[in-house]
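**Student:** In our numbering, the protein residues as written are 1158 to 1569.
Bear in mind the hints are in silico, worked out from the structure with no lab data behind them. Some clues are possibly wrong.
Quick list of simulated restraints, FRET-style, between CB atoms [what the hints assert, rightly or not]:
(1) Asn1480 x Lys1370: 40 to 48 angstroms
(2) Lys1528 x Asn1219: 24 to 32 angstroms
(3) Ser1169 x Cys1268: 41 to 49 angstroms
(4) Ile1161 x Lys1375: 48 to 56 angstroms
(5) Lys1287 x Ser1515: 53 to 61 angstroms
Note that the structure is predicted; figures quoted are calculated from it, not measured. The beta-carbon is built from N, C-alpha and C at its ideal position, and this holds for glycine as well.
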Amino acid sequence: MKNIREYRIDNSAKYIFLDNERICESWKNKSKIWGDPLHRTCSYNAMFPIRLADFFIRNYSNENDVVLDPFSGRGTTLLQARILNRKSYASDLNPLSFVLSKSKEKNIDLCKILTRLKELEYEWILEKEKENYLIKILDLDKMKIYYSEHNLLQLSFLREKIGKNWLMNDDINNFILSIVLGLMHGPSRKDRTSAYFSLSMSNNVSMSPNYVKEYAKKNFLERPVSNIFELIVDKILKIYKKRTKELIQSKLNAEFRFSNALYISNTWKDIKPKLIFTSPPYLNIINYTKQNWIKMWMLGYEGNEDIKKIGLDDFHNEYSYINNFLIKFMIECRLLMTDNSKLIMVIGDVIKGKKIFSIMNHIDYIQQETKLSLVEIYTDDVTQSSKTTNSHGIKAGKATQIERIYVFEKSK
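The whole structure should be built from the sequences, with the hints applied where relevant.
**Tutor:** Rendered as structure tokens:
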């Protein structure tokens, strides 16, 4: 393509090539679990790797530059930019993203977190009518598929105290809530003990009740009986014990705002980002709230009708995705950009039936409508077994075979 630098990721050698010339090591030279453990407080579906965010933040911005992610997810860009001493900003419309991203805005004193947890545990111990917390669960039979009654009582208590108040929590309660969300469900150990609150299941996707019920019966899975507060403390101590010196010494706090990405020129009118690095929802692959319905329950959402009120729209046909979503979003980005800014988007190709959807097929139209020019593109053939979406099943795992990373700047 004319005037566009096309980089290719060689996954076997882990290098980046331009016109068959080796340019540099790719982000894949770092381990998949590389990075500060604060990144991994909670799994988030279709999240991009920490090492990917690190590569592009390092190479397309400098210290003290403004970095923005308008689809924050679990706050990977927000935290990594802060670690790299950038002025880090992020936004999202998903309540789950709100909690997870806010928990990474600043370093929080460990003693204050543990003191607050002790207060919550003591309040629970003194609670004389514990059984009332089961009554507060509208769909109790469904939740009992995943949790013992003992664990559900404690979870319902935390849900009432800090879960439903997610929008108004202070930094300490929000951090505790982010840990709770990360422990809501996950796999048990080989000895059948668990660091999670639920019976053994994926920690990435909130699986359907019928599937879990049948799977648990077939595999003789037991719902753990735990001290929820001890599990939360254990998780927090592990995170703080392994924190990197880069995060500990980080000079700057980040800022998250609750916002629709289609209106970011208003949300972020007070900043001029050097780099906008993000991954917009892929066409028809992930419904972020539905795939996290158990975690959404902890935030006070009872079912699909409650979730619909959030206003997220993760599903589009091709025309709508390009015209009513992607182009609108990119125009909003352009309003924030300077002549030196870059917009970098991670958007994979999508297989729909026998057709492959790629925004490369629409790139001339997109550039014309947005007045943004594609200057670089990184192409990465994805190893399917490593895709996060594989936990959805075979169909979803095949959804993205080629990951593309698009680098735009304002048209001259």
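**Student:** If I claimed the Cβ atoms of Lys1287 and Ser1515 lie 53 to 61 angstroms apart, would that claim hold in this structure?
**Tutor:** Holds - the Cβ-Cβ distance for Lys1287 and Ser1515, about 54 angstroms, lies within 53 to 61 angstroms.
**Student:** Just to be sure I understand the hint, the distance between the Cβ atoms of Asn1480 and Lys1370 should be within 40 to 48 angstroms; is that true here?
**Tutor:** 42 angstroms, holds
**Student:** Against the range 24 to 32 angstroms, how does the distance between the Cβ atoms of Lys1528 and Asn1219 compare: consistent or not?
**Tutor:** Given about 26 angstroms between the Cβ atoms, the range holds.
**Student:** Against the range 41 to 49 angstroms, how does the distance between the Cβ atoms of Ser1169 and Cys1268 compare: consistent or not?
**Tutor:** 47 angstroms, holds
**Student:** Just tell me: holds or violated, for the beta carbon distance of Ile1161 and Lys1375 against 48 to 56 angstroms?
**Tutor:** Because 52 angstroms falls inside the window, the suggested range holds.
The structure meets every hint from the earlier list without exception.
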